[in-house]
Amino acid sequence: MTEPLLDVQGLTMRFGGLLAVDGVDLTAERNRITALIGPNGAGKTTIFNCLTGFYKPTAGRLLLRHPTRGPIELQTLKGYGVARTGVVRTFQNIRLFPSMTVLENLLVAQHQALMPRSVFSLAGLLNLKGWRAAEEAAVDTARDWLRRLDLLAVADEEAGNLSYGMQRRVEIARAMSTNPLLLCLDEPAAGLNPRETRALAELLAGIRAEHGIGILLIEHDMGLVMDISDHIFVVDHGARIAAGTPAEIRNDERVIKAYLGEPDADDAAHAGGDAH
Amino acid sequence: MAAPIPSPTGPAMPFVHRLREAVIAGLVAMALAVPFLGLRTVNLDQGLVVQANLAYVPLAGAVVFLGRLILGLLAAPLAKAAAPLATWRPPAGAQRLRPWGGPLLVLAAAALPFLPFANRYVIDLGTTALIYILLATGLNITVGLAGLLDLGFAAFYAIGAYTCALTTTQLHWGFWPALAAGGLASSLFAVLLSLPILRLRGDYLAIVTLGFGEITRIVILNWQGLTGGPNGVSGIARPTLFSLTFDRRAPAGGHTFSEVTGIAYAPEHRLIFLYLIILALTALAAYTVARLRRLPIGRAWEALREDEIACRSLGINPTMVKVSAYATGALMGGLAGCFFAARQGFVSPESFGFMESATILAIVVLGGMGSQAGVIIAALFIVVLPELARGFADYRMLAFGLAMILIMIWKPGGLLSGRLPTIRLSNAKPKPVAEAA
Amino acid sequence: MGFTLAVGTFLQHLINGLTLGAIYGLIAIGYTMVYGIIRMINFAHGEIYMIGAFIAVTTFTLLLGAGVTSVPLALVIVLAISCTFTAAYGWTIERVAYRPLRTAPKLAPFISAIGMSILLQNFVMLTQGARSKSLPPVMTGGITLWHDGDFSLGLTNIQMFIILLTVALMAGFTLVINRTALGRAQRACEQDRTMAALLGINVDRTISLTFVLGAGLAAVAGVMVTLYYGVIDFYIGFLAGMKAFTAAVLGGIGSLPGAMLGGLLIGLIEAFFSGYVSSAYKDVAAFSILILVLVVRPSGLLGRPDIEKV
Ligand SMILES: Nc1ncnc2c1ncn2[C@@H]1O[C@H](COP(=O)(O)OP(=O)(O)OP(=O)(O)O)[C@@H](O)[C@H]1O
Ligand SMILES: [Mg+2]
Chain A
1 MTEPLLDVQG
11 LTMRFGGLLA
21 VDGVDLTAER
31 NRITALIGPN
41 GAGKTTIFNC
51 LTGFYKPTAG
61 RLLLRHPTRG
71 PIELQTLKGY
81 GVARTGVVRT
91 FQNIRLFPSM
101 TVLENLLVAQ
111 HQALMPRSVF
121 SLAGLLNLKG
131 WRAAEEAAVD
141 TARDWLRRLD
151 LLAVADEEAG
161 NLSYGMQRRV
171 EIARAMSTNP
181 LLLCLDEPAA
191 GLNPRETRAL
201 AELLAGIRAE
211 HGIGILLIEH
221 DMGLVMDISD
231 HIFVVDHGAR
241 IAAGTPAEIR
251 NDERVIKAYL
261 GEPDADDAAH
271 AGGDAH
Chain B
1 MAAPIPSPTG
11 PAMPFVHRLR
21 EAVIAGLVAM
31 ALAVPFLGLR
41 TVNLDQGLVV
51 QANLAYVPLA
61 GAVVFLGRLI
71 LGLLAAPLAK
81 AAAPLATWRP
91 PAGAQRLRPW
101 GGPLLVLAAA
111 ALPFLPFANR
121 YVIDLGTTAL
131 IYILLATGLN
141 ITVGLAGLLD
151 LGFAAFYAIG
161 AYTCALTTTQ
171 LHWGFWPALA
181 AGGLASSLFA
191 VLLSLPILRL
201 RGDYLAIVTL
211 GFGEITRIVI
221 LNWQGLTGGP
231 NGVSGIARPT
241 LFSLTFDRRA
251 PAGGHTFSEV
261 TGIAYAPEHR
271 LIFLYLIILA
281 LTALAAYTVA
291 RLRRLPIGRA
301 WEALREDEIA
311 CRSLGINPTM
321 VKVSAYATGA
331 LMGGLAGCFF
341 AARQGFVSPE
351 SFGFMESATI
361 LAIVVLGGMG
371 SQAGVIIAAL
381 FIVVLPELAR
391 GFADYRMLAF
401 GLAMILIMIW
411 KPGGLLSGRL
421 PTIRLSNAKP
431 KPVAEAA
Chain C
1 MGFTLAVGTF
11 LQHLINGLTL
21 GAIYGLIAIG
31 YTMVYGIIRM
41 INFAHGEIYM
51 IGAFIAVTTF
61 TLLLGAGVTS
71 VPLALVIVLA
81 ISCTFTAAYG
91 WTIERVAYRP
101 LRTAPKLAPF
111 ISAIGMSILL
121 QNFVMLTQGA
131 RSKSLPPVMT
141 GGITLWHDGD
151 FSLGLTNIQM
161 FIILLTVALM
171 AGFTLVINRT
181 ALGRAQRACE
191 QDRTMAALLG
201 INVDRTISLT
211 FVLGAGLAAV
221 AGVMVTLYYG
231 VIDFYIGFLA
241 GMKAFTAAVL
251 GGIGSLPGAM
261 LGGLLIGLIE
271 AFFSGYVSSA
281 YKDVAAFSIL
291 ILVLVVRPSG
301 LLGRPDIEKV
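Protein chains in written order, with my numbering: chain A, 1 to 276; chain B, 1 to 437; chain C, 1 to 310.
Isolated chain A, as found in the complex (with noise of 0.2 Å):
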C-alpha cells in the first residue's frame, strides 16, 4: 500500500451561510474500512455528497487513484460520472426502486456493465447469443451478492415491501452488483437490531478481506465502528477534529468533548462497548 485509493483534501461545501464543510482531509484505501464519524448535523453525509457527485464542492480536490484509468478528481465530474469510477454510496434514508423486484434492483446497478453488450438494445432486441450470455452473468452476480446477503427468499419481491433491514441489505447489494472500487455507506446500522447488525459487520469484514475494495463508512452505531474500522476520521461542525485507529480515537479529548453534549452518542459507545 503505496499511496490511498481516495485522497480528500481541502474539502468545503457553503450553503448560502452555512458553513457545512470546511476544509476537511481524509483518505481512504483499499482493503481498509475508514469510518466517518461525528455527531448529527457534523456534516458527513454532506461530505458524502460531495464524494458521489451529489453537490459541487465550494472548494477542495477529491482525487481518485483508479488502478486503470490513473488518478481521477471526481469533483470534475457529472453526478453519474463517479459512479462510473467506481465510486458508489448508499443513502442515510434508503433510496432502492420500491416497486421494482430485488433482483430488478441489483440488475439496474448492472447497467454501465450491460448496456455496451446489448449494443443499443439492438443485439438484445433480437436476443442474440452474446447478449444472452450477458444478462445470465449478470443475474449470477447478482445471485451470488442475493446469496451472501441472506435475501435469496425474497429475490421476487417488490423492494418497497421489504422489512427495513432487508432494504438496508438490499441497498448494500445493489451497490457491490455495481462491482465497485470503493463503497460508500451512509449509516448502514441505522434501524437495525443488535443481531443484524453483527450480521452486517461480518458482512463488511468479509468483503474487506475478499474483494480488494475500500470501503468508507458513515455510522453512528460506535461499537461497529470500533470494531471494524481500520481508520476513523471524526468531524464535527464541519471540520475534522481527529483522525487515527480506533484505539487512538477512543481516548481523543476533543472527541470526547465534541461527543459529551451527545447523550445519544455517548450510550451508543457504551451499549457498543458492551456487545464484545
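Since the hints were derived computationally from the structure, they do not count as laboratory data.
Please note that a few of the clues may not be correct.
[Said to hold, decoys possible] One side of the interface only, derived from the structure: several residues of chain C facing chain B at Cβ under 7 Å:
| hint | residue |
| --- | --- |
| 1 | 97 |
| 2 | 99 |
| 3 | 100 |
| 4 | 108 |
| 5 | 114 |
| 6 | 128 |
| 7 | 130 |
| 8 | 141 |
| 9 | 296 |
Glycine included, C-beta positions come from ideal geometry on N, C-alpha and C.
Knowing the structure of chain A, use the given hints to seat chains B and C with the ligands on it.
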C-alpha cells in the same frame, strides 16, 4: 360545531346519516341545476331570451338524492361481493401460458375481418382502436415506464402524419418509405425538444410538453406554404402491397391487387389491408416494448421513474435515459400518425389538438400505467364506448367524461394496476457451480 | 407625429394586454391555490370559468328582461349570483371527483379532472346549446386619453372596471391569505397535511374553501369576459384555462403573486405579439417564453426552488 360526516362507504353508518347525506346531495344538485337545467338561454332573432324549465330542478334533486341513497346502501354489500375478485390470482398453471397470450390475441385480431359479422364499420372501428393502441403504447413508454408526464404527445402524432403527407405528396414517395420517415422524424423531433427541458421536473415538465404540443399545432395551422394551414393536405399515398394498389383501376404502369390475385375487386379489401397493416405495426410495437422492458434500457426507464437520484448513484445518466424514452415513444407516435394520414388520405391540424393528447394519456392511465394489456383494454373502451353510445348521440361525450371520473374513483391505479416483474430468479437458469455448492 | 403615434399604439397594446392579463391572472389564482394545497392540476378549472360566464349571461338576460337599467346594480347582482353558483360548482367538483382520489397515485386526479372537464363542457353544451351567446353591450363608453387624426387612444369603462376590480380583489385576497385563520390553515396544509390535521385544522374544509375561493375568482373572470367580449360559448374554458395554467406555472405555481404576475405577462405578451408581430403566432410566443423562463428558472418566476434532498 358540525360533526364530521362519516365516510359514505363506512360499513356501520346508520341510516339517518345516509339519509342526511342524500338530502344534502339532492339539495346541492338542485342548486347546481338552477342556472343550467332550470334556465336556458335561447338564441332568437331579436337576441337572447331565457326560458325557464324549473321542473327540471326538483327532478335533478330527486335523481341525485335517490342515486346517492341507493349507492350508499349498496356500497357495502357490493364491496363485499367484489372482494374475492380483487384478490383473485390466476392459477399457477396460467403463469406458463402467459407468453402465449400476446400471439393468440394478435391471431384472433387478425381473424376479425374474415368473421361473418365483420362489415366495413367493424373493420374501421378496429383500425381506429389499433391506432390508439399504438399511440398509447408509445406514450406508455414515457409516462408509464419512465414516469415523465407528457401532455403534448399529439405533437409526435402530428409530425408523423405530416411527414407522411408531405413526403408522399411533394416528394412522391411511396407509403412504406414515408412510414419510416414519419417514425424517424418524430423521434428526431423528440430528441431535439427534450434536450433543453430535461432539467425540469414533474408538473413543470408536463406544462412544457403541453406547450410544445400547442406550438406544433399552431405552427402547422399557420405555416400555409408547407402544410396547407387549416385546409390540410390531401391526396396522400395509400399503402400498397408489394407495389400493388387496392384501387379499382390500376394507376399508369402499375397493377392492382385484384388484377394480380384474380380476386374480384371489392372496396373492403383496402380496409382489410389497412387493418392488417396497423395490426402488424401495433403487434410489433407491443413486442418491442415487452422486450425493451427486459433490457438494460427498459429497466433504466423504470428505475428512473422510481428514483432518479438512486439512478445517478449507480452511474446511470438520466439525460440519456429520458431522451431515449421520449424518442422511442415518439417513434411509435410517428408511425401511428403516418398510418393515420395514409388511411384517411387527408390530414388537417384539428386532428392533433390537446384533446387528442389527453385522450391518449387517458388510455395509458385508465389502463394502468406501464401495462400493455391495460392499454389494449382502455383503448378499446375509449374507442368503442362512444360508438356504442351512438344511440344517445349527444350524450356520449357526457357519458365518456363521467366514465373517466368513475373509473378513476373505482380503480385509481388503472384497470390493470399490478406491475409484472421483468425477470424472476426462480425462472432464471442457475449457475451449475452454484447448484453443486 | 410618427413618434407620438408609435407611443400611442404602444400604450393601447399595453392597456389591452393589462385587461387580458387581469382576466388570466384571476383564473390562474385558482390553479395556483389548488396546486399549492393538494399538488394537483385542476384541469377542470377552465370550465369553471366558462360556467361563471354562462351564469353571467343568463343573469344579465334575466335582468334586462326584468327591466333593470342601472348598470352598477346589474353588475353587483350578476357578480353575486355568478360567484355563488360557480363556487357551488367548484365545491361539488372537488367533493365528487377529487376528494376520493386524495391518496391515489399522482395522475389519477389529473385524469379525473380531464373527465370532469369533458363532462362539464358537454353538460353546458347540452343544456344551453352549442351556438355562441351574445349579449347586447351592457357597459358602454369610456374615455379617450389622447387622439390624433384617425388614431385615438382609449380606455373603455369595461377595461377600467376589469383592472380596478382585479386590483381590489388581489389586495383583498392577499389580506385573506396572509392575515386570516383560513390563510394560515391553507399554508399549514401546503406544508404538511397530516401534521395540520393533527393540530386540529379541518383539512377537508380548508381544501373545499380553496376550491370555493378559486371558483369565485374564476366566476369574476367569467363575468368580466362576458362584458368585455360580449360573446361566449361552451368552449371558451379550454383555451382560457390553458393560458391561465401557463400563467400560473410561469409565475411559479403555488405562489399567489406569481399567478397574478404570470397572468399579466401572458396577457401582455399576447397583446404586444398580436399587435407588432403576428396574431396567429401569439400563443407560440406565450408558450415559448414559458419554456425559456422554465429553462432558466425551473420553478417559475416567483416560485420557491425545490431543493433536491439527497
Ligand atoms: N442541501 C442543503 N442545503 C442547505 N443546507 C444543507 C444541505 N444539506 C445539508 N445541509 C446542512 O449541512 C449540515 C450538515 O448536514 P449533514 O446532513 O451533512 O450532517 P450529518 O453529519 O450527515 O448528520 P446526521 O448524522 O444527522 O446524518 C446541516 O446543518 C444541514 O442542515
Ligand atoms: Mg447524515
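TODO: Starting from the hint list further up, note which numbers the structure goes against and sort them upward.
DONE: 2, 7, 8 and 9
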